[in-house]
Amino acid sequence: MPRQRSVLIGASILAVIVAIALLAPYLGTRDPARIDPVARNKRPGAERVVRADDGTRTTLTYWMGTDSLGRDVYSRVVYGARVSLVVGVSVALISAAIGLVIGILAGYLRWLDNVVMRIMDGLMAVPAILLAIALVSLSKASLRTVILAIVIPEVPRVVRLVRSVVLSIREEPYVEAARALGAPLPLLLARHVLPNTVAPLIVQATFVCASAILVEAILSFLGVGIPPETPTWGNIMAEGRALFRLFPHNILFPGIFLAATVLAVNMLGDGLRDTLDPRVSRRL
Amino acid sequence: MFGYIARRLLATIPVMAVVAVLVFMLLRLTAGDPAAIIAGDNATSQDVAAIREKLGLDRPIVEQFVIWLGRILQGDFGESFFFKKTVAELIVGRVEPTLALAVCTLFLAVATAVPLGVIAAWKRGTWIDRGVMGLSVFGFSVPVFVIGYALIYLFAIELAWLPVQGYQPLAEGFGGFLERMVLPSITLAVIYVALIARITRASVLEVMNADYVRTARAKGLGELPVLVRHVLRNAAVPIVTVIGLGVALLIGGVVVTESVFSIPGLGRLTVDAVLARDYPTVQAVVLLFSAVYVVINLLVDLTYTFLDPRIRY
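First to last, the protein sequences are chains A and Y.
So for the first sequence, this note's numbering puts the first residue at 1; every next one is plus one.
So for the second sequence, this note's numbering puts the first residue at 1001; every next one is plus one.
Hints in this document: simulated from the structure, not taken from any laboratory.
Below 30 Å or equal to it, Euclidean Cα-Cα: the simulated DSSO-like pairs (lysine-lysine) are:
(1) K1123/Y - K1219/Y
(2) K140/A - K1085/Y
(3) K140/A - K1084/Y
(4) K1054/Y - K1084/Y
(5) K140/A - K1054/Y
(6) K1054/Y - K1085/Y
Bound conformation, chain A alone (with noise of 0.2 Å):
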């Protein structure tokens, strides 16, 4: 079974991220922020000794390095896990809820589907990234500000989706026996309408929250996103693009990290279409 394979793969790498996103401290890690002049550009794997005020001797080592501001790129990289699963869970479960109530109501009552659609249309013809560059310009770079320039392009491909499945589920037989036995809107929404999105919602959140994790990583290595000092996976390779040429691993480290990050994402979200929605399987 190939595709539980792949849930399978996509969910050990990404217990793997959480966990070190969770143990950051315990890692081995330094501040993450601290910035050592002596120690700049130190090349992966260097070693330095330092001796404390009572004369006792350690040695650190740097095992990816150091960047231009002496800060230990490991310590950045762990800490940066923090930021990505945050940014990833939030987006996909903000846009998840609007998008399900936007979408159930559009889906049912006639006379709103219209307005909101049209609502819908416009706003996916701006493109993601760039929406979000543009809503981030508004207000001071903080990490609510980015969540929320990234849920904005997203919603509409959850309304979207919610909409089209209540739409066909609104004609069954079983809703029609609700209604005729008047059953109340709400309760007829949540008891009869909400289950059936519940599938197909959990799927879309999946890949919404890895392309969260790409464009939050694209937002801070653009230096429009998260205030640059906070260790983010973009912020440590925006950081690192000047000095690329000399020393490729500020941007080679996180890279890795993200790509595996996005990638596990993506595998877990590709297994979970499967296995709860049959039909699009066999077309995909």
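Mind docking chain Y on chain A? Use the hints.
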């Protein structure tokens, strides 16, 4: 058919109207005086007053929108106080590199992805199929700039076959232009190839078992003519659709790729404008890119009538 074209054309109007409102609101949603924001940090109070007068900021918001839209439709996108030019001039000067990059990428991606997808579907279930699909998931996951830097490192620094960064206008020689276009185009094409190859495979698989394909084989046609003339032709509509939808990815990718390769195009302009909080430019670029996206997808819709004469709306 003309009815269909007319209806499709009309349908783009509400979409662009929503985009216009959105872009207009972008500036009004920020805290503070829009005139002061547009004028930038170094503006005098006269500058701010002039802008306020020009945009009619003392009038009701609907009227402001009408004034703004009227100017846009006349090609007046306002003035960039950061770049000391009109936004229209600024954009015109940046179109060539972006257009060149997009066109090169488009050709490269379609020329690679469609054969890959067809072969994957043809050899369904084999290691070739799994390889292509694996690469496709991979292409979706590796960020554009990581691919870009990896290529620069390998081909421009280690092997020194190609220039590291920069852009040379087409007018200054085709060789130099092409040399500098190779790496950015490959970089940008990766995600696009992943997308198109995936859909091509799915679409071809769907057609593969059709009766007319069996008939074509039965009459003794070779595999290649069957694949190209019978399978691919009938599988074309979803492929063309996704090429159109993928333009959104392409536009997002252009912004990043131009930054990685120091190409002075519209993508780089977008980032510079955002960093400088140069809102008139940001507004114009967002509007322009969205319009391009909408028009391309309009054209895609129109090709359906040629690709599949059964489609009548």
